[in-house]
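Q: Residues in the sequence shown are numbered consecutively from 2, following the numbering used here.
Simulated from the structure, these hints should not be mistaken for lab results.
Some hints could be false.
[Unchecked claim] Only pairs whose alpha carbons sit at most 30 Å apart, straight line, appear in this in silico DSS-like list of lysine-lysine:
(1) Lys611 / Lys431
(2) Lys38 / Lys287
(3) Lys157 / Lys600
(4) Lys296 / Lys83
(5) Lys38 / Lys388
(6) Lys250 / Lys287
(7) Lys58 / Lys84
(8) Lys583 / Lys380
(9) Lys157 / Lys174
(10) Lys490 / Lys84
(11) Lys388 / Lys84
(12) Lys233 / Lys272
[As the list claims (entries may be wrong)] Label-pair distances were calculated between CB atoms; the ranges are:
(13) Lys508 / Glu225: 49 to 57 Å
(14) Asp235 / Asp505: 37 to 45 Å
(15) Asp235 / Gly488: 28 to 36 Å
(16) Pro275 / Ala534: 24 to 32 Å
(17) Ile586 / Gly316: 17 to 25 Å
(18) Pro393 / Pro423: 19 to 27 Å
(19) Ser562 / Asp505: 17 to 25 Å
(20) Ala210 / Val139: 34 to 42 Å
If you're wondering where the values come from, they're calculated on a predicted model, not measured in any experiment.
Yeah, the Cβ is synthetic: ideal placement off N, Cα and C, and Gly gets one too.
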Amino acid sequence: MKKIVLMALIGFTLSANAQNKKKKSMVTNKKEVVVEKKAVVYQVFTRLFGNKNTTNKPWGTIAENGVGKFNDFTDKALTEIKKLGVTHIWYTGVPHHALVNDYTAIGISNDDPEVVKGRAGSPYAVKDYYNVNPDLAVNPAKRLEEFEALIARTHKNGLKVIIDIVPNHIARKYEGKSNPKGVRDFGADDNITVEYDRNNNFYYIPGQAFQVPTSDNYKPLNGEKNPLIDGKFDENPAKWTGNGSRLAKPDINDWYETVKINYGIRPDGSKDFPELPAGYDKKSNKEHFAFWKDKSVPSSWTKFRDIALYWTAKGVDGFRYDMAEMVPYEFWSYMNSSIKMKNPNAFLIAEVYNPNESRNYIRLGKMDYLYDKVALYDKLKEIIQGKSNTDPITDIQKSMADIEHHMLHFLDNHDEQRLASPEFAGSSEKGKPLMVLSATISTSPTMIYFGQEVGEAGNENGGFGTHSRTSIFDYVGVPNHQRWMNGGKFDGGQLSESEKSLRDFYKRLLNFTINSSALMGKYQEIHGLNRYATSGYYPEVYSFVRWSDKQKLIVITNFSSEHTSHFELKIPADVIQSWKVKDGIYSIKDQLYGKSTTKLHVVNGEGKVKISISPLESFIYEL
């Protein structure tokens, strides 16, 4: 759910959270050196991954358009995902959310289509946090067991498991049918006669009943008849809507299918809970956990902490938090430190879009990673669309030098327009230089969205969801991905030659990143030096260097789809000195395809490299 300075040498400092990632040991000079590895997250929309049906009827039923299951993630599928260069898999849409399908036979109540988006439902309107989406199970009555088997199967294939937690809002009709002993439903103990109470889970509109939003341009289920579609939904008094609307009748563009959770923020915006003392931005998870141990906190805090610990105990390795910035960072300190006490290696990703709040959510909220959306993602989109040159990348990286490790990079996800869509890059080929830069410019994790690696453009009209994004609200197929899936063989047997070539590109790039020590080392841009002083170095080109004690890299990308650039790239003296390279001639070789080799000439402590780079081409040269 849901926006030329030559940089000084930066030695990235890895935080305590960063140290919790997967590590490997090397013995050098009889001393053990711990080398952190880059992470790659594969986001997969669980409902769509294994669907082999190609009908794609707008507003199609589950019978007409099909649905994927947990069991579709076979050992073969998971093995191929890992071979792509993936370390973590984010199973999106796993918690049981509101949907329009009849599961009354197993004790699940029907959801009113007037408060469900689409037919398959939004994964961000969770109906039961202690169970999983029945659509995803071969036997819906055994859905939790089927997901537990998937967790075990994923681990067996060397991958870590991430699922969603949506802390800001839940489905309007939340019903915990699987609550552990002692767990009370959200709102069960609320005082519904007042707008706000610290221990209420919801905000209320006393004296007013909820009214279904209306629009001349939208009808639930596209106007199809359904016994529950009657213009009414029983909620009295009405609750605040998930995006914060305080209207008893929300607007059709509001998150009307959800209700907002109360974390002890009073209606006037003031905080009704203890605040972290000064200096806690520098304290550890253990110290944050100790701070909250004797504090009284709002009911919603403990409810969501218990949900996270429930899934942690089942073997889930981390969480992606939806719209985390709509929840106070004090809660995140409480929540995340509790998780880290149970699993110090938990992998915690947050959807935060306000750059002014990034450091608070990292340092005070104890988040491992935030979306790098508003800065790098948005700028790369502008560059490939011809709305900007590459110069701003320098200042973006400089502005985040202290938190770069925590800013997760992506070019495709369930919320955004597909990278290959006409609305974004326009083709998968034009996405390649963006992907190289995104995956190599910092020590942060890289995330890709299933189908991205085979050029999925999101052209389908699912019904509620339309083209450019793969719908998260409808039962649809994902054509390019289905060709790779090849009827469950997961061997790419139906892919075109260009799609096979694209997946090979992703496989080469991602595997290089997770095995490169330089990409977890130091960074310096060399774009500023070359931009105006190097003949033939066009404004669509960007260059930087990355290095560790063991590996030295020169990364060059050409975002132009028209111009080949020929130039003599300058490597400044401070980089050559840091690399401890003496005057001489050195062979350097591209690590993506291994076909391009050239020479680094070091004269009087400065380096020069002759470069010829074709449209949309990238090189990762290693010394």
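Q: Against this structure, judge whether each hint is valid.
A: Hint by hint, here is what the structure shows:
{"no.": "1", "hint": "Lys611 / Lys431", "in the structure": "holds, 24 Å"}
{"no.": "2", "hint": "Lys38 / Lys287", "in the structure": "holds, 24 Å"}
{"no.": "3", "hint": "Lys157 / Lys600", "in the structure": "violated, 44 Å"}
{"no.": "4", "hint": "Lys296 / Lys83", "in the structure": "violated, 43 Å"}
{"no.": "5", "hint": "Lys38 / Lys388", "in the structure": "violated, 34 Å"}
{"no.": "6", "hint": "Lys250 / Lys287", "in the structure": "violated, 44 Å"}
{"no.": "7", "hint": "Lys58 / Lys84", "in the structure": "violated, 33 Å"}
{"no.": "8", "hint": "Lys583 / Lys380", "in the structure": "violated, 37 Å"}
{"no.": "9", "hint": "Lys157 / Lys174", "in the structure": "violated, 36 Å"}
{"no.": "10", "hint": "Lys490 / Lys84", "in the structure": "holds, 15 Å"}
{"no.": "11", "hint": "Lys388 / Lys84", "in the structure": "violated, 36 Å"}
{"no.": "12", "hint": "Lys233 / Lys272", "in the structure": "violated, 35 Å"}
{"no.": "13", "hint": "Lys508 / Glu225: 49 to 57 Å", "in the structure": "violated, 43 Å"}
{"no.": "14", "hint": "Asp235 / Asp505: 37 to 45 Å", "in the structure": "violated, 55 Å"}
{"no.": "15", "hint": "Asp235 / Gly488: 28 to 36 Å", "in the structure": "violated, 45 Å"}
{"no.": "16", "hint": "Pro275 / Ala534: 24 to 32 Å", "in the structure": "violated, 55 Å"}
{"no.": "17", "hint": "Ile586 / Gly316: 17 to 25 Å", "in the structure": "violated, 53 Å"}
{"no.": "18", "hint": "Pro393 / Pro423: 19 to 27 Å", "in the structure": "holds, 24 Å"}
{"no.": "19", "hint": "Ser562 / Asp505: 17 to 25 Å", "in the structure": "holds, 20 Å"}
{"no.": "20", "hint": "Ala210 / Val139: 34 to 42 Å", "in the structure": "holds, 40 Å"}
This entry does not satisfy hints 3, 4, 5, 6, 7, 8, 9, 11, 12, 13, 14, 15, 16 and 17, going by the numbered hints stated previously.
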